[in-house]
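Trainee: Protein sequence lines, in the order shown, are assigned to chains A and B.
Position 189 of the first sequence, counted from 1, bears residue number 189 in my numbering, the numbering being contiguous throughout.
For any residue, its number in my numbering is found by taking its place in the second sequence, counting from 1, and adding 223.
Some hints could be false.
Claimed, not checked - To give an idea of the chain A side of the interface with chain B (calculated C-beta under 8 angstroms), a few residues:
id : residue
1  : 26
2  : 27
3  : 54
Hints were generated in silico from the structure; no laboratory data involved.
All C-beta atoms in this analysis are idealised placements derived from N, C-alpha and C, irrespective of residue type, glycine included.
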Amino acid sequence: MAAINFSELLVSSVDDIKNSLATLHALISQLKNNYPDKKPPEFKQLEFETNRMNNSLMQLLTLHKIDLSHFSLTIDEHSAADILEDVAAQQSSLLSLGSIQLLTQSQSDLFCYCDATHIINALCTLVNNAQHYCLSKVLLSASQEGDYVVFCLEDDGTGYPEDLLRSDQKVPGLEDTTTGNTHLGLVYVETIAQLHVKADQKGFITTDNNSQFGGARFKLYLP
Amino acid sequence: MAINLTSKKILIIEDNASMRETMIHILGSLGGRFLITAESGINAITAMKIDKFDIVLCDYNLLGKKTGQQVLDDARFLKLLPVNAIFIMVTGETRQELVLSAIDNKPDDYLIKPISKDQLSTRIERCTARKQYLACVENEMDSGNFYQALHHCKRLLESDDKKMRLHLLKIQAELTIKIGDFKAAEQLYENILYERELPWARLGLGTVAFFLGDYDQAIETFKDLIVQHPSMMEAYDWLVKAHEAQGNDDNALSSLNSAVNLSPMSILRQKKLAMLADKTDNLAIAHKAYSAVIKLGKNSAQKSPADFAGLANVYLKSNAPNEALKILNQLNLRFQNDPEARLRSALLESEIHLTNGNKELAQLAFGKASVLNEQFSKNLPKELRLNMAKTLYLNGDKMACDEMLNDLVTTNIDNKLFVKDIVNMCDTFIGQNYAMLLIKQVRKELADINNNGVNLFLEGDIKGALDVFEKAIAKRPNNHTVILNMVKIIIHDLKSSKPDPDKIIKAQAYINKAIEIGMPHTQISRLQTELDSFQNATLQ
Chain A
1 MAAINFSELL VSSVDDIKNS LATLHALISQ LKNNYPDKKP PEFKQLEFET
51 NRMNNSLMQL LTLHKIDLSH FSLTIDEHSA ADILEDVAAQ QSSLLSLGSI
101 QLLTQSQSDL FCYCDATHII NALCTLVNNA QHYCLSKVLL SASQEGDYVV
151 FCLEDDGTGY PEDLLRSDQK VPGLEDTTTG NTHLGLVYVE TIAQLHVKAD
201 QKGFITTDNN SQFGGARFKL YLP
Chain B
224 MAINLTSKKI LIIEDNASMR ETMIHILGSL GGRFLITAES GINAITAMKI
274 DKFDIVLCDY NLLGKKTGQQ VLDDARFLKL LPVNAIFIMV TGETRQELVL
324 SAIDNKPDDY LIKPISKDQL STRIERCTAR KQYLACVENE MDSGNFYQAL
374 HHCKRLLESD DKKMRLHLLK IQAELTIKIG DFKAAEQLYE NILYERELPW
424 ARLGLGTVAF FLGDYDQAIE TFKDLIVQHP SMMEAYDWLV KAHEAQGNDD
474 NALSSLNSAV NLSPMSILRQ KKLAMLADKT DNLAIAHKAY SAVIKLGKNS
524 AQKSPADFAG LANVYLKSNA PNEALKILNQ LNLRFQNDPE ARLRSALLES
574 EIHLTNGNKE LAQLAFGKAS VLNEQFSKNL PKELRLNMAK TLYLNGDKMA
624 CDEMLNDLVT TNIDNKLFVK DIVNMCDTFI GQNYAMLLIK QVRKELADIN
674 NNGVNLFLEG DIKGALDVFE KAIAKRPNNH TVILNMVKII IHDLKSSKPD
724 PDKIIKAQAY INKAIEIGMP HTQISRLQTE LDSFQNATLQ
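Chain A extracted, bound-state conformation (with noise of 0.2 angstroms):
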């Protein structure tokens, strides 16, 4: 047998996958249309499992073009609260299953340069762990501070645990692979974050477990 580019197989491969998992999701919602009241509860963790399975796939995808410099965003200028709106949208099918209150908060007037898809995919996935993890409700704001436009996404439930708190806008270490997290969402999120830069300033996160209803906070600047 010729010998194999295993990057360009995953590649593909992972593309295949996801074609799959779009798929299986239009199935997911077929089926769910055939509950018209209440929907039984194991739609709720297949709908979280599909959107954690393809936001990872998209992460992974991208991670990989980054790496082989094959990558660059597509800056625009976006309103704060059309992306809020865009992240609300995405999630809504999770949200509409369970009794998790997703809030929004923004200025009507705030504008950042950002390259949206990207962002979007980057808070969609916060918020979807979110859910996971908080009591009852998760805020999403977008606000000025300074030369930063700031996305923070504050919850209710447990708080991050130790070794994912930082506030020194340096990646999680991918080291811990005893239990089985890579943590890949934080990882993207930073390096998207890093990629938006404006003259010397650079975009960064940070997480900490200061959020206004006692659980976890996670900040996102853009510069």
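Fit chain B to the supplied structure of chain A, relying on the hints for placement.
Mentor: Below, chain B without anything else, positioned relative to chain A:
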């Protein structure tokens, strides 16, 4: 937030049955009643020929032969999408990949699967709002009234809608380039870049340098952009143009080759590569590119007999006349009722038989070509006519050749690149001084006509002058001086007679024509301002 789609005609292009069902369900729950589905690109184009849709949702990765991008390209090429229609590309991947193969045709938005109801409704709502907001600008652009479009654009900018601001600035800069006011466009792009380094604005600045003739600067800008954004195809396309404008075909070819490697599915880029490689005698590249064009063309509205003729010619140049004949057979089969195809085929056939030393067959093919040429000559592409002129000369029909060349020079006297092609052909096959003399003579004829028209005008015979220029335009539709004088006289006529909307429309049509053929802003803007003053007077 919920929008109502009851009155909208919607086309869903999706090859996956479950996806289709989901889309229908979502759109139905948003009030959609007129929903048509197509499971392939070819069926989508047919559907668009039957109905004019308000909203098209198109999957990018369609099974079968056409991709979503090709559907969009064909729909725009065949003018199947109304100006205010919304085209949304639905994809499994992030959008960066997709922008790759797009040259001019970008969808209004991209959506990434899986799609929820809220997502779809938010996006359709935003696109609709944006289209409505920009309708006044886009309608004028669609009619070729660039000055009016620019005027609306400035007016909208004054209303200071922050959401639309950057988008409007982009359109404003593009329109400013369109009317040829490059210095103003440069200022616009610089202002945007001062605020933020945005690739499209940097690209815009590069194109301004190109139009101002500063090719070195333009090339540097495009190269920098490619380093920073390796997938920005527009930067490659402009880099190719800049190299060509500098007369450096080899550099143009190598840049274009890199671009095609990145986006092999783009038929227009493959076509350009094929022709450039053909021109520079890089036969291996030309062969590969023509073959790709023919393959892509099978499912595209942009297939052309020239692609087959090009490939056959490459075989001929590579001393493979029998392969060339095979391609001609395919050409004849594929385009049976197309006079252009038959002429191309006959011309090449004649050349192939000559190469094979088969004079009788060559003469027979040439006879076919001559008949076709007499019937259809004026409607054929100019490159083909130039080729015909060459064949006429080589077969000893000097008179027909003279006549054809005279007409080609007359109608294209302002097209520097093509005049250069004519000169090259004449120098190689006919003789050193032939083209020079011909051009001189055509210039003199033009000057005579102009003087005649202007004299009549000065004598006060406006009708006579208009007559002269109208006849001149009929024969030389692309001549700068003739069009300019025509507009000037109509405007003068408007000044001295009572308001006449027909004359205003006529003058506007000539101004639009002038912009279309690339006349500079400095020559047109004053005339447009004058014409606008009549238009305003009529409105009051």
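Trainee: Evaluate each hint against the coordinates.
Mentor: Consistency of the hints with the structure:
1. 26: The hint holds - residue 26 of chain A has a Cβ within 8 angstroms of chain B, the shortest such distance being about 4 angstroms.
2. 27: At 5 angstroms from the nearest chain B Cβ, residue 27 of chain A passes the 8 angstroms test, so the hint holds.
3. 54: With a minimum Cβ separation of about 7 angstroms from chain B (threshold 8 angstroms), the hint on residue 54 of chain A holds.
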